[in-house]
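K.L.:
Work the whole structure out from these sequences, hints included.
First residue of the sequence shown: 538, per the numbering used here; consecutive thereafter.
Among these hints, one or two may not hold up.
Stated by the list, open to error - Derived DSSO-like pairs: lysine-lysine, alpha-carbon spacing no greater than 30 Å straight-line:
hint : residue 1 : residue 2
1    : Lys732    : Lys608
2    : Lys732    : Lys719
3    : Lys607    : Lys594
4    : Lys698    : Lys646
5    : Lys539    : Lys565
6    : Lys539    : Lys607
7    : Lys565    : Lys726
8    : Lys565    : Lys719
9    : Lys725    : Lys736
10   : Lys589    : Lys719
11   : Lys646    : Lys607
12   : Lys732    : Lys595
13   : Lys595    : Lys608
14   : Lys589    : Lys608
15   : Lys736    : Lys719
16   : Lys736    : Lys608
17   : Lys733    : Lys608
18   : Lys607    : Lys719
19   : Lys595    : Lys607
20   : Lys608    : Lys562
21   : Lys736    : Lys595
22   : Lys539    : Lys646
23   : Lys594    : Lys726
24   : Lys719    : Lys562
25   : Lys589    : Lys646
26   : Lys589    : Lys698
Stated by the list, open to error - Listed next, with one range per pair, are the computed distances between beta-carbon atoms:
hint : residue 1 : residue 2 : range
27   : Glu693    : Glu610    : 18 to 28 Å
28   : Gly692    : Leu591    : 14 to 24 Å
29   : Glu735    : Thr694    : 43 to 53 Å
The hints are simulated quantities; they were obtained by calculation from the structure and are not laboratory data. By construction, the Cβ of each residue, glycine as well, lies at the ideal position given by its N, Cα and C atoms.
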Amino acid sequence: MKILIINGSPRINGNTSIAINELVKTFKGENVDTEEIRVGNENIRGCIACGKCLETKKCIFDDLVNETAKKLEQADGIIVASPVYYASANASLLAFMQRLFFSTSYIDKTMKVGAGVAICRRGGASATFDELNKFFSISGMPIASSQYWNSVHGGETGEAKEDLEGLQTMRTLARNMTFMIKSFILGKKEFGLPKKEEKIYTSFIK
538 MKILIINGSP RINGNTSIAI NELVKTFKGE NVDTEEIRVG NENIRGCIAC GKCLETKKCI
598 FDDLVNETAK KLEQADGIIV ASPVYYASAN ASLLAFMQRL FFSTSYIDKT MKVGAGVAIC
658 RRGGASATFD ELNKFFSISG MPIASSQYWN SVHGGETGEA KEDLEGLQTM RTLARNMTFM
718 IKSFILGKKE FGLPKKEEKI YTSFIK
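P.N.:
Okay, here's the thing in structure tokens:
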């Protein structure tokens with residue numbers, strides 16, 4: 538099993554990394570491989586809606602998005618962690634996620650498990666958490682839950698270590714996600730993936 542962990546923080550070894558390290562440590566104990574991809578300090582531009590990826594199956598901007606696309610195809614799950622800026626995720630991370638998910642529409646993400654994680658000083662975590670999870674819910678990906686919303690609190694660098702409830706939430710998330718992935722692997726072997734209908738696009742333009 539393999540989990541991609543997307544780090545949306547521009548800070549090296551900041552509070553987002555503390556939350557991620559707790560996830561990685563727990564996944565290791567469950568014999569699950571992880572790979573962290575740092576996005577927050579990369580120069581990631583937004584989508585320009587050119588539509589070229591629908592033809593070429595890759596983004597026209599050949600950067601970290603295309604590198605990650607290959608890894609996403611092989612992964613069993615993905616966790617996206619971000620600091621909270623104005624009750625939203627890091628803008629570079631959002632640009633990355635929008636381009637990654639749109640340019641990989643050819644990848645069947647059905648039953649790949651997803652989870653968003655928000656790290657904040659005080660407020661805005663739930664809004665960011667919801668924002669990140671929307672990438673998964675539109676893609677047929679089950680969302681892993683924990684004992685609370687997936688958030689860790691800390692303002693100054695290192696303060697997240699003091700949020701014992703938040704760190705426990707990360708450990709519970711990792712264990713729940715592991716269980717879900719194992720269950721889906723068994724389910725796919727026994728029953729296969731859900732039947733897909735030809736997609737209908739509703740339009741009221743006449």
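K.L.:
Give a verdict on every hint.
P.N.:
Results for each hint:
1. Taken as a hint, the Lys732 and Lys608 pair is honoured in the structure, with Cα atoms around 25 Å apart against an allowance of 30 Å.
2. Of the supplied pair hints, the one linking Lys732 and Lys719 holds, its CA atoms being roughly 20 Å apart against a limit of 30 Å.
3. For the proposed pair Lys607 and Lys594, the alpha carbon gap of about 11 Å is at most 30 Å, so the pair holds.
4. Distance restraint check for Lys698 and Lys646: the Cα-Cα separation of roughly 33 Å exceeds the 30 Å cut-off, and the hinted pair is therefore not satisfied.
5. About 11 Å separates the Cα atoms of Lys539 and Lys565, which keeps this hinted pair within 30 Å; it holds.
6. As the CA atoms of Lys539 and Lys607 are separated by approximately 13 Å, the hinted pair is consistent with the 30 Å bound.
7. A C-alpha spacing of about 24 Å is found between Lys565 and Lys726, which places the hinted pair at or below 30 Å, so the restraint holds.
8. At most 30 Å may separate the alpha-carbon atoms for a hinted pair to count; Lys565 and Lys719 meet this at roughly 15 Å.
9. For the proposed pair Lys725 and Lys736, the alpha carbon gap of about 22 Å is at most 30 Å, so the pair holds.
10. The suggested pairing of Lys589 with Lys719 is violated, with an alpha-carbon distance near 36 Å, which exceeds 30 Å.
11. Between the alpha carbons of Lys646 and Lys607 the distance comes to roughly 13 Å, so the proposed pair stays at or under 30 Å and holds.
12. For the hint pairing Lys732 with Lys595, the CA-to-CA distance comes to about 26 Å; that is within 30 Å, so the pair holds.
13. For the hint linking Lys595 to Lys608, the alpha-carbon distance of about 13 Å falls within 30 Å, and the restraint holds.
14. Using a Cα cut-off of 30 Å, the hinted pair Lys589 and Lys608 holds, with the two alpha carbons roughly 21 Å apart.
15. Among the hinted pairs, Lys736 with Lys719 is consistent with the structure: their alpha-carbon atoms are about 28 Å apart, no more than 30 Å.
16. In summary, the hint linking Lys736 to Lys608 is supported, as the alpha carbons are separated by about 26 Å, within the 30 Å threshold.
17. Restraint check for Lys733 and Lys608: satisfied, since their Cα atoms lie roughly 24 Å apart, inside the 30 Å limit.
18. A C-alpha spacing of about 22 Å is found between Lys607 and Lys719, which places the hinted pair at or below 30 Å, so the restraint holds.
19. Of the supplied pair hints, the one linking Lys595 and Lys607 holds, its CA atoms being roughly 10 Å apart against a limit of 30 Å.
20. The suggested pairing of Lys608 with Lys562 holds, with an alpha-carbon distance near 21 Å, which does not exceed 30 Å.
21. Under the criterion of a C-alpha separation no larger than 30 Å, the hint pairing Lys736 with Lys595 is consistent with the structure, at around 22 Å.
22. Among the hinted pairs, Lys539 with Lys646 is consistent with the structure: their alpha-carbon atoms are about 14 Å apart, no more than 30 Å.
23. Note on Lys594 and Lys726: the hinted pairing holds, with a Cα-Cα distance of about 28 Å set against a maximum of 30 Å.
24. For the suggested pair Lys719 and Lys562, the alpha carbons sit about 18 Å apart, so the restraint of at most 30 Å is met.
25. Taken as a hint, the Lys589 and Lys646 pair is honoured in the structure, with Cα atoms around 20 Å apart against an allowance of 30 Å.
26. With a CA separation close to 44 Å, the supplied pair Lys589 and Lys698 exceeds the 30 Å bound.
27. Under the hint 18 to 28 Å, the C-beta atoms of Glu693 and Glu610, about 38 Å apart, miss the expected range.
28. Here the CB-CB span from Gly692 to Leu591 is close to 42 Å, at odds with the stated 14 to 24 Å.
29. Judged by the Cβ atoms, the range 43 to 53 Å given for Glu735 and Thr694 holds: they are separated by roughly 50 Å.
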